[in-house]
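K.L.:
Let's have the full structure, built from the sequences with the hints guiding it.
Single-letter residue listing:
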Amino acid sequence: MKALKYLVLAAIIAIPALMMAAASTEAAAAAKLKIGDTAPDFTLTDLEGNTHTLSDYTKAGNIVVLEWFSPDCPFVRKHYRSDTGTMTNLQKQFADDNVVWIRINSAHGKHPSADLKHNSKTAKSWSITTPILMDTTGKTGKAYGAKRTPDMYIINPDQTLAYHGAIDNRSDAAAPGDDNYVANALAQLLAGESVTKAESKPYGCSIKYD
Amino acid sequence: MQAHPHMIHPPKHLILLAFALLTVLLSPQSPAAPPTEPDNHITATLQASTNPVPGQPFILALTLTIEEGWHTYWPGINDTGYGISLTFDPVPGLTFNDPVFPTPKRHIAPGNILDHIYENQITIYIPAQLDDTFAPGDQLTINTTIDYLICKELCIPESATASAALKVADSNDPNPHTKFLAKLANKHPTNLTNASPRWSISQLQLSIPNATHYIFYPDNNCTNPADLITQGDTESHALTITFDRRYEVDPTTPAVLSGRLRAKINDTWHDYDIDYTQPTRTETTP
Numbered sequence: 001m002k003a004l005k006y007l008v009l010a011a012i013i014a015i016p017a018l019m020m021a022a023a024s025t026e027a028a029a030a031a032k033l034k035i036g037d038t039a040p041d042f043t044l045t046d047l048e049g050n051t052h053t054l055s056d057y058t059k060a061g062n063i064v065v066l067e068w069f070s071p072d073c074p075f076v077r078k079h080y081r082s083d084t085g086t087m088t089n090l091q092k093q094f095a096d097d098n099v100v101w102i103r104i105n106s107a108h109g110k111h112p113s114a115d116l117k118h119n120s121k122t123a124k125s126w127s128i129t130t131p132i133l134m135d136t137t138g139k140t141g142k143a144y145g146a147k148r149t150p151d152m153y154i155i156n157p158d159q160t161l162a163y164h165g166a167i168d169n170r171s172d173a174a175a176p177g178d179d180n181y182v183a184n185a186l187a188q189l190l191a192g193e194s195v196t197k198a199e200s201k202p203y204g205c206s207i208k209y210d
Numbered sequence: 211m212q213a214h215p216h217m218i219h220p221p222k223h224l225i226l227l228a229f230a231l232l233t234v235l236l237s238p239q240s241p242a243a244p245p246t247e248p249d250n251h252i253t254a255t256l257q258a259s260t261n262p263v264p265g266q267p268f269i270l271a272l273t274l275t276i277e278e279g280w281h282t283y284w285p286g287i288n289d290t291g292y293g294i295s296l297t298f299d300p301v302p303g304l305t306f307n308d309p310v311f312p313t314p315k316r317h318i319a320p321g322n323i324l325d326h327i328y329e330n331q332i333t334i335y336i337p338a339q340l341d342d343t344f345a346p347g348d349q350l351t352i353n354t355t356i357d358y359l360i361c362k363e364l365c366i367p368e369s370a371t372a373s374a375a376l377k378v379a380d381s382n383d384p385n386p387h388t389k390f391l392a393k394l395a396n397k398h399p400t401n402l403t404n405a406s407p408r409w410s411i412s413q414l415q416l417s418i419p420n421a422t423h424y425i426f427y428p429d430n431n432c433t434n435p436a437d438l439i440t441q442g443d444t445e446s447h448a449l450t451i452t453f454d455r456r457y458e459v460d461p462t463t464p465a466v467l468s469g470r471l472r473a474k475i476n477d478t479w480h481d482y483d484i485d486y487t488q489p490t491r492t493e494t495t496p
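Residue numbers (our numbering), protein chains in the order written: chain A, 1 to 210; chain B, 211 to 496.
If you're looking for bench data, these hints aren't it; they were derived computationally from the structure. Be a bit skeptical, because a hint or two may be false.
[Said to hold, decoys possible] Calculated cross-link-like contacts (lysine to aspartate or glutamate; reagent style EDC-like; alpha-carbon spacing at most 16 Å):
1) A:K201 to B:D437
2) A:K197 to B:E458
3) A:K124 to A:E48
[Claimed, not checked] Just some of the chain A residues that point at chain B, by a computed CB distance under 8 Å:
4) H111
5) P112
6) S171
7) C205
It should be emphasised that the depicted structure is a prediction, and the values quoted were computed from it without experimental measurement. Built from N, CA and C at the ideal position, the CB exists for glycine as well.
P.N.:
Written out as C-alpha cells, the structure is:
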C-alpha cells in the first residue's frame with residue numbers, strides 16, 4: 001500500500017515534469033532550425049486526401065517553397081487579392097525552374113480556418129492550383145518554428161534551409177511591400193548564388209495551434 | 211560599463227504632462243465624441259483634460275472600448291499582428307506629442323507565440339499644446355483616426371475615428387476634467403532613474419533596488435529580443451535581455467533596450483518607460 005502511494009506520488013511529480021521537458025525540447029528544436037540546417041521531413045495530406053512528403057520533392061531536385069497559410073488571415077489575403085496576387089504570381093514566375101510551392105495550414109482541427117470546404121473554396125477563388133496541406137496537429141508547424149501566416153521557408157534540393165522569414169518588407173495588412181525577399185532568394189538560388197538576405201522577421205496572424 | 215538612460219518620450223513631454231496635472235485640477239468636463247463605425251469591434255471616444263488655453267499644454271485621452279473576447283495589439287514588438295496607430299488631422303497651431311499607451315498584457319499562445327495585447331477598455335494619453343494664435347472663445351475640433359488589428363478566432367483590420375469639440379479658454383477658466391486627471395495620475399508610467407544597467411556584447415542586465423519581479427514590453431525601437439517568453443517575465447532581482455541581431459542590416463550598431471518595464475518593488479507594481487542604448491567601444495574603453 002505504501003509502495004503504491006509512492007508510485008502515485010512519483011507519477012504526480014514526474015508526469016508534469018516530463019510534459020514540460022517535452023515542450024521545452026520541442027521549443028528548443030524549433031528554435032534551433034537555422035539557415036543551412038536540414039529541414040524536418042514531413043508527410044501531410046492535402047484537401048483531396050492525397051499525401052505529400054517533403055523529401056519526395058527535394059530528392060527530385062526541386063527547390064521547395066513552404067508558405068504557412070490561412071484562408072482567413074488579412075496578411076495572407078493581401079497577397080492573394082486580384083490587385084496583388086503576390087503568391088500566385090511568384091509561384092507562376094518560378095514554376096518552370098523546378099520550384100515547388102507548398103502551402104501548409106497548421107490551424108487545429110476545430111478552428112474555422114482548418115475547415116476543408118472553406119480551404120477548398122478559398123483555393124478556388126484565390127486561383128491556388130497546387131496543394132494546401134493540412135497540419136491540424138501542428139506537429140510540422142512546430143517542428144519548423146512557424147508562428148505566423150504567412151511564414152515563408154525555402155528549402156534547397158539537398159533539403160537544407162535556404163531562407164526563412166517574411167514574404168516581403170511591408171508588415172501591415174494593407175498592401176504588399178516593394179522588396180520581395182522570397183523572389184530575391186529564389187533568383188539567387190537559381191543563379192547559383194548564396195542568398196544575401198537569408199532571414200527576415202516574419203509578420204502576420206498567429207497560427208492557431210492546438 | 212554604464213549606459214546613458216533617457217526616456218522614450220523627451221523630457222518635454224513629461225513637463226507637459228506634469229504642467230497639465232498641476233494647472234488644471236479644479237472643475238468639470240470637456241466634451242466627448244460618440245462612438246463611431248457601428249460594425250467595428252472597438253468604439254473610440256476622445257476627451258481633453260481641460261478646455262485648452264493658448265500657449266499651454268493639455269492632454270487628450272483616447273478611450274478604446276474593445277468588444278468582449280476580442281483583443282488588439284500593443285504598438286511594439288509582437289510575434290504576430292500589428293499595433294494600434296493613431297493619425298490626428300492637422301490643426302494649424304495645435305501640436306500633438308507622442309501618445310502614451312497603457313501597459314499591455316502578455317499573451318502566450320500554443321507554438322510559443324508571444325503577443326502583447328489589449329482587452330476590454332484602454333485609455334491612450336496624448337500630450338498636446340495650442341500656440342498663441344488661438345484666442346479664448348475659439349472653437350476647436352480634434353479628429354483622430356485609429357487603425358488596428360482586432361482578433362478573436364480570426365483577425366480583422368479595422369479603422370475607427372473619434373472627435374472632440376473644444377472651446378478655447380483663458381488661463382482663468384480652463385474647465386478641467388478632474389476625474390480624467392486623477393486617472394491619468396494613477397496610470398502614467400514614470401521615468402526610471404535608479405536602475406543599474408550592465409551591458410555585455412549581446413545582452414543587457416538591468417536591476418532596480420528592491421525589485422523582485424520584472425516584465426518587459428519592447429517597443430518598435432528596441433533591438434529584437436532573442437527569448438522574450440523566458441526573459442521578458444522574470445521573478446528575479448535583475449532583468450536580463452539577450453538580443454537577436456539576425457534580421458538587422460548592420461548588427462554591429464549599438465543595441466537598444468526600449469519600451470515599457472513593469473517592476474514589482476516592495477510588493478507594489480511600478481511602470482516605467484525605458485530607453486537604454488549600448489555604449490560604443492570608445493565609450494566603454496577605460
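K.L.:
So, for every hint listed, does it hold in this structure?
P.N.:
Hints and how they fare:
1. A:K201 to B:D437: The hint holds at about 14 Å.
2. A:K197 to B:E458: Roughly 10 Å separates the two Cα atoms, so the pair holds.
3. A:K124 to A:E48: Measuring from Cα to Cα gives roughly 13 Å; hence the hint holds.
4. H111: holds, 7 Å
5. P112: Holds, because the Cβ-Cβ distance from P112 of chain A to chain B comes to roughly 6 Å (cut-off 8 Å).
6. S171: Hint on S171 of chain A: holds, closest Cβ of chain B at ~7 Å, below 8 Å.
7. C205: holds, 5 Å
Against the hints set out earlier in the document, no violation occurs for any number.
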